[in-house]
Each structure stands twice: as C-alpha cells, then as structure tokens.
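*Asks:* As a plain string of letters, each chain reads:
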Amino acid sequence: MRRERGDAGAMRNPWLWMTILLGLGACNAEQSTLHVFGAEAREVRRMAGILATGAILIVAIMAALYVRAVRAPEGALSHQGGMRLVLWLGAIGPALILTALLLYALPAMRPRTAGPDDLVVRVDGEQFWWRIAYRPAGAGGELRSANEVRIPVGRPVVFELTAQDVIHSFWIPGLAGKMDMIPGRINRLVVRAEKPGRFRGVCAEFCGLSHALMAFDVIVMEGPAFDAWLDRSRGGSKGARASMGAALFDAQGCGGCHAVRGTPYDATIGPDLSRFGERRTLGAGILPPTLDNIAAFIRAPQAAKPGARMPAYPQLSVGQARAIALYLKGLQ
Amino acid sequence: MSERRKWHEGLRVTLWTLIVPPAIWAGHFLLSYLWAAISCAKAGRFATFPTLFVIGTALALTLIALSGWVAWVKARMPGDPPPHEESNEIDRLRFLAKSTLLLAGLSFVGVLFTALPVVFLRDCL
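As you go down the protein sequences, you meet chains A and B in turn.
Going by the working numbering, the first sequence runs without a break in its numbering and finishes at 554.
Going by the working numbering, the second sequence runs without a break in its numbering and finishes at 170.
The hints are simulated quantities; they were obtained by calculation from the structure and are not laboratory data.
A couple of the hints might just be wrong.
[Claimed, not checked] Facing chain A, from chain B, some residues (calculated, C-beta under 7 angstroms):
no., residue
1, L161
2, V163
3, F165
4, D168
Here a beta-carbon is modelled for each residue, glycine too, at the ideal position from N, C-alpha and C.
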C-alpha cells in the first residue's frame, strides 16, 4: 500500500512532468535525426532503433534475473550455477553481441561513392557562418552563396568540408552523420537526399561565443528545379538597382566585405549577399529575415550574435538601416 | 595419442607465458596501425582485401588460442575452488593458469576488434 501511495506522489510531481515536457521541444521535422530525408541518416536511425531495443531487452532480462535471484528459496541457487551465469552473460554473451554489432555497423561506415559528374558543394566553416560554393560538373563555373545549402533530390552530392579559423562540424541531422571541418584539410561527405523539403543543419563542434547560433537552411529540390535554380543564380543578382538602400550600402562600405553578383562588389570576407532576398533566415539560420530584424542586425550584429566579426553600424538611423534592409531583401 | 599428451604436458605455465597473449595483442595492435599508416602513405589507398594483414591476424589469433589452450589444460588440474591464494606450488600454478586463460580470452577479443575495422574500412582519411 505504501508503495502505491509513493507512485501516485511521483506522478503528481510537477517537476517530473515539466522535465518530461521539456523533451517535447526536441520534436520537429526540420532538424531531427528521427525525421530523416537521406539514405545515410536512415541507416543511422535504424541502428539507433536496434541499439535501443537491445538495451531495453537487456535491462528487462537483467531485472527478471534479479527478481528470480532475490525470490529464489534458500539453497535453490548453486555457486557453480552463478559462476556459469557470470561466464555466459557477463563475458561470452557481451563479446558475441558486440562482435555482431561491429560486423553490422562497420560496413555502414564506409564512405559512399560519387562519380566525377556529381555535384560538389564546398562548405567553409567561419565564425559564425557558412561559406558555400556550388561546383557542378561541366561549364558554367561555380556559384558562391552563404548560410543556405540547396541540393537536388535523388542524386549523390559531395560536400567538401573545411574551415578558415577554428574547427567546426557540419551536421544536417536528417540527411547524414556529422563531419568535422578542419582548417587546412578537406573532408568529403557524400550524401543522397531522398525527398524534397526544407530542413536545417547546424555546427556540431564548439567554435566560439556564437557556436549555438551557427546554423543554416537546407533546401532539397527536385532535380530539374535545382538545375534551373543553379543556372538562374549564376547570372547577376536581380534587384541590385539604384535606390536609397543601394547608395547607403555603397557609402557605408558594405561592399568591402560582402559580394553582390552583377555589381562591382566582389569581396569575400563576409557572407555573399547575391541572393539574400530568397533566404529563409538571417544571421546563419537564427532570425526571420524581416526588415526590422535585418535593420537591427546591421546596427548591432553582436546583439543577435555575440562575437560576430561584422562591425556594428550604430551611426545609421533606423530608417537608413531599414533602407539597406529593403535593398538586401530585393536581391534575388 | 600418448605422444601428443607428452608434448603438451611438457609445456608449463609461468609468469612468462602469462604475458604471451597480451604481448601478441600489443604486437597486432601495432601492426594494425602501421599497416594503415604505410598503406595510406606509400600506396595512397587501402587494398580491397588486405590479404597479408588477414594472415597476420589469423596467426595472432591462433597463437593466442594455443596459449589459451595450454592454460586451460593446466587450469583443469583438480583441487580447491578459487581463490588460489595459498603460498604453495599448486596454488601458484592454478592461479597462473587461470589468469593466462582469462588474458587469452581478452586478447582474442581485443585482436578481433582491432582487426575488423582495418578489414572493413577502406578509406585513408
């Protein structure tokens, strides 16, 4: 009876429920190892399922053995029987299970193969954003971008990963496992997306003050739509026409760090802004790209992203910053 | 038959034979790393099936299994149950035999777990 009352007490404990409810925050379709859209992540999820099922089974079997051992009448268990149990369940069994798991998991760790005609996407980790360069096979040259990765569905894509300052890690949980980005070294990650949609990737290696604010959008497109987008994007940036915002962009020296395709600005210090208007987020996956957010980011980047390298522009009035934001929103 | 019994009865378990299985494990561990490093540095890639390495692994496993077998034969000597902690000849021998047997088991699994990644992973990263 006392035990039942204790259980009811635990169930009424608000802290227990609040802690469990916090876990619900992890449920989403954009950034989750459980909501997969790539072949490699599917494999990882299957393995996680097998491991979790195995772990639950082992716990259940151990609990049953403990109950049996505790409830056994005096003299029913022999020392020799116990030693045999330890030998089989403590040494031989685990060694066999681990060998089987190793044999099952190792082939999955082999890198996927990619052909010379497959799309190469080079991604550089920077504090605290992503420099992207699409390098399709054939003519047309590369397309530079930032903070957003677009890939075609059903085709192998080779990510060439490196970093410019410190070690970062490239992780699109629904697509594939994480891969370190190490300065001076290129790591290759071959992936294949299985369904179109909008997803999210993050930096998975602590890289400085705004590590937790370093994310990016992943957009998986149908093959023909992707090809059309790539062709269109390699042309000049539309919307880069004369306006108050464009004049301010020029006067404030924004082009000293940022590039806008089709204009004289081709600096590579900060993120490429050529197609800023079509991005879903601002500041590497952290804010909705509203005019107010963009204007606030220009005037004080460190307020949104501590440690960001971009200087603040407090001398701009809110109106002026909004004019630049309007210009940026028009770049497509 | 009697010849064979004589052959292994001549073998003894000592403090020296105790370290044979872990020493083979250590040697094989070194071989695995050298194999991977030399293949990647000199050939630039892994063989699809590293025959020589697999032969080396089979040899290491055989030697460990052999020393485990010798220890097992010696450990079956009739007597008291463990712990074999008396300061006399028979307990010393039983202790060494049991320890060698356990170390051989551990080393066998250790060699196997070190070798499998070398055989299965074929990239030089």
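*Asks:* All the hints need checking, so say for each whether the structure fits it.
*Replies:* Results of checking the hints against the structure:
1. L161: With a closest approach of 5 angstroms, the B/L161 hint holds.
2. V163: 10 angstroms, violated
3. F165: 4 angstroms, holds
4. D168: 5 angstroms, holds
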